[in-house]
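Read top to bottom, the protein sequences are chains A and B.
Its first residue numbered 1, the first sequence is counted upward by one per residue in my numbering.
Its first residue numbered 1001, the second sequence is counted upward by one per residue in my numbering.
If you're looking for bench data, these hints aren't it; they were derived computationally from the structure.
The C-beta atom is built at its ideal place from N, Cα and C for all residues, glycine as well.
Some clues are possibly wrong.
Said to hold, decoys possible - A short list of chain B residues far from chain A (calculated; beta carbon distances all over 10 Å): (1) Trp1029; (2) Tyr1034; (3) Leu1046; (4) Leu1055; (5) Leu1085; (6) Lys1096; (7) Ala1168; (8) Leu1175; (9) Gly1192; (10) Arg1243; (11) Gln1255; (12) Ile1258; (13) His1275.
As the list claims (entries may be wrong) - For the chain B half of the interface with chain A, some residues (derived, Cβ under 7 Å), not all of them: (14) Val1205; (15) Val1213; (16) Phe1304; (17) Leu1305; (18) Ile1320; (19) Met1327; (20) Leu1334; (21) Ser1342.
Unchecked claim - Chain B side only, calculated, beta carbon under 10 Å to chain A, not exhaustive: (22) Asp1204; (23) Leu1206; (24) Ala1300; (25) Val1301.
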Amino acid sequence: MIKIIVGRLLQLIPVLWIILTLTFFMSKEVPGGPFSAERQATPEVIARLNAYYGLDKPLWEQYLGYLGKLARFDLGPSYTYQSESVNEVIARSFPISLQIGTLAFCIAAVFGITAGVIAAANKNRLWDYLPMSFSMLGICLPTFVLGPILALLFGLVLRLAPVSGWHGLNYVPFHPMIMPAVTLGLFYAAYIARLTRGGMLDILSQDFIRTARAKGVPDHQIILKHALRGGLLPVVAFLGPAFAGLLSGSFVVEKVFNVPGIGQEFIKSVFNRDYPLVLGTVAFFGILIVVFNLASDILQALMDPKSRK
Amino acid sequence: MNSATPGATTSIEPASVRIDHLEQGTSLWKDAWYRLKKNHVALFGLCAFCSVAILCLIGPYFTGRTYEQTEIGLKASSPMESIFLKTEAFKGGESKRSFVALSNLEDEFLDKTKSDRKDIVEKLARGGAYREGKITYEPSARRYLFGTDPLGRDLLTRVLIGGRISLAVGFAATLVSICIGALWGATAGFVGGKIDSAMMRFADVLYALPFTVIVILLMVMFGRNFILLFVAIGAVEWLTMARIVRGQIISLKNQEFIEAAISLGLPGHRILFGHLIPNVLGPIIIYATLTFPQVMLLEAVLSFLGLGVQPPLSSWGVLIDEGSRTMETSIWLLVCPAFFFSLTLFSLNFLGDGLRDALDPKSSKD
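Full structure from sequences and hints, please.
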């Protein structure tokens, strides 16, 4: 177990290194720097700026310098937010995304697992087809379709939630977090429902379930106590990719609802060619994804005796 | 697929034996088609997807409008709204014809009082013509099935053209991902040993990369290039394919027919391409059908964020983005492209599920 964890943590290093190197050299290859698009500055000013941000040094020196700073968790200054460092931008925007992501994740897990278990328990009956049809609908209505529709319905027609924004909008019944989280969560609820149903059906057809039935264990106990543990394995395996998905989903949802989260900051930084911020957010995303993959692997190993070896 | 024997795909009939009432063996594909036909939902998916694809392919030639032609008098007209023909006569017999939608008609008479304006619009709406100096307004038979966008472009044509792009991206990127994934997985599985574990380790490392992020970076840094979009998305999606194919190849590798091929002295590449890969076509097709909607989704996300195709060209993602910005006043701009997009995703997902049940009965979950 510990070996797995250490191994995966060691894997973090090459992954991060690849991401950062790729991003670093990609950003250097592009024509046009962060200062070329601004108002026409005199050559001296640009030279001063380049010197200030260390852009006049040779490429490899910049690269090593960046890696060195990164090892001390210093992501450098941001070009666009003159008064803030990249660390501060992330510290300001990530909690917002985290709140939305966590709520979305809870929505996805609760609705998805419930629907999947109900469907598996009523295989090929009405209560199987009904939740599964809904989940198919959820998969086919991606966030950027569902988001605007929900915003229209709850924001503009029913006036229950703010259509966009985050701060100072507490006069409506719903917190501004709810709509983005629901939009993001329903899509994953649909996926999780399908995975749960598949996993549960797999387990329910096994011998030990038949034995339990023969011994007279009531149905609900079989499902909740015996089958759920194994049936949720595919869901647990999905947690890692789901988290990565929540991240990219946050780009869309934060745009739709105009939430100042880290997804918006990333997209903005890419458009503004604010390289330190781009590199910083990419590194941050990379760490998060590897950590979540690891967590999902560990959970899986704890739940499944077969994969413990 | 493990159960598929080599004889199932290539039927071997000794020429000397001729018995008429011999029970006909069914090939894997015939069998799969038979099972697929019984699955109505999957069949519906197949039909719906084909209809959308054909519509997008040939539809734009029949709408009679182009996706880029703007007409300011038609800005944001709703579906099937009444359209009026406006003719301005110039000296020398020349005249300029343009179209105005009912909802924009009042803006044409801003120099008149409010009640006058109402009267003129009402008269035109009842089917009469209106003449003022050299300008004539008269009802026209022209209608826009899906309405028009804020620049007065025909939404139907734009949705169909956008569909072409979305489907093309989906198709090309799926193809790229199949080629890379199947080759990578097959090679790793077939060669085995250290090379296999090195190749799969490499795939593992790639798995951990935040790929949406990388694709976004690529799109911004190297311009919103069409080809790059295919390659970038395809290069992201091949990993799962490689894993699936590798697993299949490994389980096939130890079966008798491969042993026979080896003992016949067939070279490695012929065993791989002639015997192993045809036998994993099933899973490849299934997974390709399921990759297609994912790829389209990724393209749409990129376009939605403003990183995909550029105006005046459109894709479904771009159209949904434009529609969501004006949804308060003109909801059809969101609904029409979203409907087509969702329908396509819907049909592909159902088709993929059905194909999995049909081609690979063992892996079916129910």
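Okay, the hints, checked on the actual structure:
1. The Cβ of tryptophan 1029/B lies farther than 10 Å from every Cβ of chain A, with a closest approach of about 26 Å, so its non-interface assignment holds.
2. Non-interface call for tyrosine 1034/B relative to chain A: holds, since the shortest CB-CB distance, roughly 21 Å, exceeds 10 Å.
3. Every CB of chain A lies more than 10 Å from the CB of leucine 1046/B, the least distance being 16 Å, so the non-interface label holds.
4. Taking the minimum C-beta to C-beta distance to chain A, about 18 Å, the non-interface status of leucine 1055/B holds against the 10 Å cut.
5. At the 10 Å boundary, the C-beta of leucine 1085/B stays outside the reach of chain A, the nearest C-beta of that chain being 34 Å off.
6. Consistency note on lysine 1096/B: stated as away from chain A, and its beta-carbon is indeed over 10 Å from all of that chain's, at 38 Å minimum.
7. Chain A leaves alanine 1168/B outside its interface by the beta-carbon criterion, the shortest separation being 19 Å against a cut-off of 10 Å.
8. A cut-off of 10 Å between C-beta atoms confirms that leucine 1175/B is not in contact with chain A; the least separation is 22 Å.
9. The non-interface label for glycine 1192/B is consistent with chain A: the shortest C-beta to C-beta separation is roughly 21 Å, beyond 10 Å.
10. With a closest Cβ-Cβ approach of about 13 Å to chain A, arginine 1243/B is found to remain outside the 10 Å limit, as its non-interface label requires.
11. No Cβ of chain A comes within 10 Å of the Cβ of glutamine 1255/B; the nearest lies about 25 Å off, and the non-interface call holds.
12. Listed as a non-interface residue, isoleucine 1258/B keeps its Cβ farther than 10 Å from every Cβ of chain A; the least gap is roughly 28 Å.
13. With 10 Å as the threshold on Cβ separation, the claim that histidine 1275/B sits away from chain A holds: the shortest Cβ distance comes to roughly 31 Å.
14. At about 6 Å, the closest approach between the beta carbon of valine 1205/B and any beta carbon in chain A falls short of 7 Å, and the interface hint on this residue holds.
15. With a least beta-carbon distance of about 6 Å to chain A, the hint placing valine 1213/B at the interface is held under the 7 Å criterion.
16. A least Cβ separation of about 5 Å between phenylalanine 1304/B and chain A falls short of the 7 Å threshold, and the interface hint therefore holds.
17. Taking 7 Å as the C-beta contact cut-off toward chain A, the hint placing leucine 1305/B at the interface holds, the least distance being around 6 Å.
18. Taken as an interface hint, isoleucine 1320/B checks out: its beta carbon lies about 6 Å from the nearest beta carbon of chain A, inside 7 Å.
19. With its C-beta approaching chain A no nearer than about 5 Å, methionine 1327/B sits inside the 7 Å limit, and its interface hint holds.
20. Checking leucine 1334/B against chain A: minimum C-beta separation of about 6 Å stays under 7 Å; hint holds.
21. At a threshold of 7 Å, the smallest CB-CB gap from serine 1342/B to chain A is about 5 Å, leaving the interface hint in force.
22. Annotation: aspartate 1204/B was flagged as interfacial toward chain A, and the flag holds, the nearest CB pair being 7 Å apart, inside 10 Å.
23. Residue-level restraint check for leucine 1206/B holds (minimum Cβ-Cβ distance to chain A is 8 Å; threshold 10 Å).
24. Hint on alanine 1300/B holds. Least Cβ distance to chain A is approximately 7 Å, under the 10 Å limit.
25. Satisfaction of the interface hint for valine 1301/B is found here, the shortest Cβ-Cβ separation to chain A being roughly 6 Å, below the 10 Å cut-off.
Checked against the numbered hints above, the structure breaks none of them.
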